[in-house]
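Visitor: These protein sequence lines are chains H and P, in that order.
For what it's worth, UniProt numbering labels the leading residue of the first sequence as 1, then goes sequentially.
For what it's worth, UniProt numbering labels the leading residue of the second sequence as 1, then goes sequentially.
Treat the hints as calculated values from the structure; they're not laboratory data.
A hint or two may mislead.
Heads up, incomplete: computed chain H residues facing chain P, CB under 10 Å, no partners named [unchecked claim]:
(1) Leu76
(2) Lys87
(3) Asn88
(4) Lys499
(5) Gly501
(6) Met504
All values derive from a computational prediction rather than experimental measurement.
Cβ atoms here follow ideal geometry from the backbone N, Cα and C, with glycine treated the same way.
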Amino acid sequence: MAGGAVDQSLLDLLPRIHALFSDPLRVVIDGIDPRSKFPFDLGAISYKWLSRNFSVSSNDAKRLLQEFVNKNGADLQVIYSLSGWLKNNPQNYGVKLTSGPKLEEARQEFKDSCSVQVYSIQASIPKDTAVLWNPEFVQAEELFNQPFDEENCLRDNRFCGVLNSFVKRTSSGKHVSSLPPKPTNSTAAATMSKPSPKLGAGNKSEKDNSMVVDKASNAPVVKEPSIAVDASKNKAQNGKALPSNGGSLANMWGRASAKPKPPTAPNSTAIASVAATADAQICAKEEAGADSSDDEQGIKYKRGSSNANNRKRRALLDFSDDEEDDNIVSIASPEPPKQHASDPVTETAEDTEANQKNLENKDDIPNNVKDCSRGLDSELTSECKTKSVNTTNHSGITLKEKSSDPPVNKNKLNSTAEPASTSPKRRKVLKTRIDERGREVTEVVWEGEASDKTEKNVTATAASRAAPPSKPQPAANTDKRPAPSKAAGNKKPAKAGAKQGSIMSFFKKV
Amino acid sequence: MLELRLVQGSLLKKVLEAIRDLVNEANFDCSGTGFSLQAMDSSHVALVAMLLRAEGFEHYRCDRNLSMGMNLNNMAKMLRCAGNEDIITIKADDGSDTVTFMFESPKQDKIADFEMKLMDIDSEHLGIPDSEYQAIVRMPSAEFMRICKDLSSIGDTVVISVTKEGVKFSTSGEIGSANIVCRQNQTVDKPEEATLIEMQEPVSLTFALRYMNSFTKASTLSDQVTISLSSELPVVVEYKIAEMGYIRFYLAPKIEEDEEMKP
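Bound conformation, chain H alone (with noise of 0.2 Å):
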């Protein structure tokens, strides 16, 4: 794995990054799974993307562009990435997107030394930053969205940059946890297999990996992130659990009415809700790889080592009922404050403190390729700011406090995170930092109008981030819609022994 000649395999995939490239429709390929072809012309290919989609380490994939870039360089923009110590006072560690022709320009910046690895291959470079992480986006949606038994690149993490070996995956499922497991997570069939080959390497792991665990962390770990993944994966398969025809429903959409939408659009309760639950999981899964490769994500939890199963619970509450949104919302909210005793309260606390340390972290983001060097210190003023309770030192290590916070608060807080991720009304906005250790953090952050009030907490912050200029607010806030035109013209005779279509896939909400 590190650096040297790419295999002759993964040679082999260089034409199809050529067609993928050459082809603005993205026609599907064979070989692709024709539900990863990204819906967007000419977006960016990625590393990251090119990793998940097929199924190639993100080092791999990296060389991969490299060889490609020296090919073909003629024809596309290269967007790279830079990581070393910058030169300012005091020394800050940076991670920089930066364009091909700028590209010595930004090296200036950096001590003596840094290393330039191939971010995206674009025709152009976008105006609009998004555009860098949508297909990503698009595609980790897609592959949360398979079946549940279905091994992806995102879901066995097999692609992880950190690996701690100390955690278990079987293939058959169940994890090894110390609790007895609550009702619904015994039907979690989880299939965590394959540990990670891949030992951390660059700067920038992958950070969809849900359950690294700090090295320094000792032993009683071991069952916390079994634990963890426990969690997020009962997200999954909940979220799986939803109206299973989501992905069809959008089809229909699109044959019924005369527009056909993009597939992120949450034109259904049934689409917005998988997705909603699709992009909580998202959420978890980058908000706890984004901590895990912080080092205090072991210390988190190892304070949060006796009450695991708050966790379980967590997810039980939030995803046990998969018949519409609002009784999510219900079921959370009215939650019991005796419930948790004063330890889990804290572990979802931290969770919170964790989701908003994210929202926080948002003004953070560029907005420009060129501007996303990212220093320690300010990274972690900011934190100061936002988080009182941290107590943080400079070695770039976070401590998290237990917040102070009396117990009903927490829950609040809790639960008004979980519904703001099930909520139709929002939208997902995909933001890239470079977190204080000078890795590449993308999360999947929801925004949108605070649709129930006891959701200001995150959603204030998550509105008042400038987005990308390119999404605007949902339309859905106003609960306009257009009304479908007819689409009586099509004759596609349905037969027996079918799938239960959606009325929504029919009649548009207004």
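Place chain P on chain H using the hints.
Guide: Frame of chain H, contents of chain P only:
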């Protein structure tokens, strides 16, 4: 301020009985034009749209548009306390979180007030476009109810095919299969027994009988049912409510597995 006086109170009772199986909670919308409801079942497969036009009420006062979220089972419980001959008045104050049903006996010697708590229901209102249907079948509602009931004892789904010959309802299950063909028939003495088929082109669609059976609960409202079919559109099963409105059930057809993979 809202005050709707419905002399034929039994209509409201029947409406409630017809939809409460399908939908548990729904918003009743009151506007200048009438008293209406639109709701989907919990699995978002079927949709019910009900309208009672303002003209059909003896007294209709709706100062401003009002949406009242009600638990239909609770509402049905209250309406069951009204006699079939009773006059029902629905009353609500602006900003109030309750609605009052007043039942007056025909002889005006008994007046009952039932106050019900309203609820906040976050419902999605769907825009239903006016569509031309490829085939419209009008038939006695009792006949349709019987067919659905009979077929559901054999299979889970019904294929409704409309051709020049007539409308065919077919199903198959473990024990066997069944076909029921109804031919056009206008020669009956009573118009409510007629079966009328207007067909632009043949159409054949598959539906879940469970929902169809639930729709036929509205048969008490009308002697005739109108079934409108188009491929690629949900079927509409419509019952007229006296002269003052309708109740329409939309049901998404079952679709081929491979079809839904198409963009």
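Visitor: What are the numbers of the hints the structure violates, in ascending order?
Guide: 1, 2, 3
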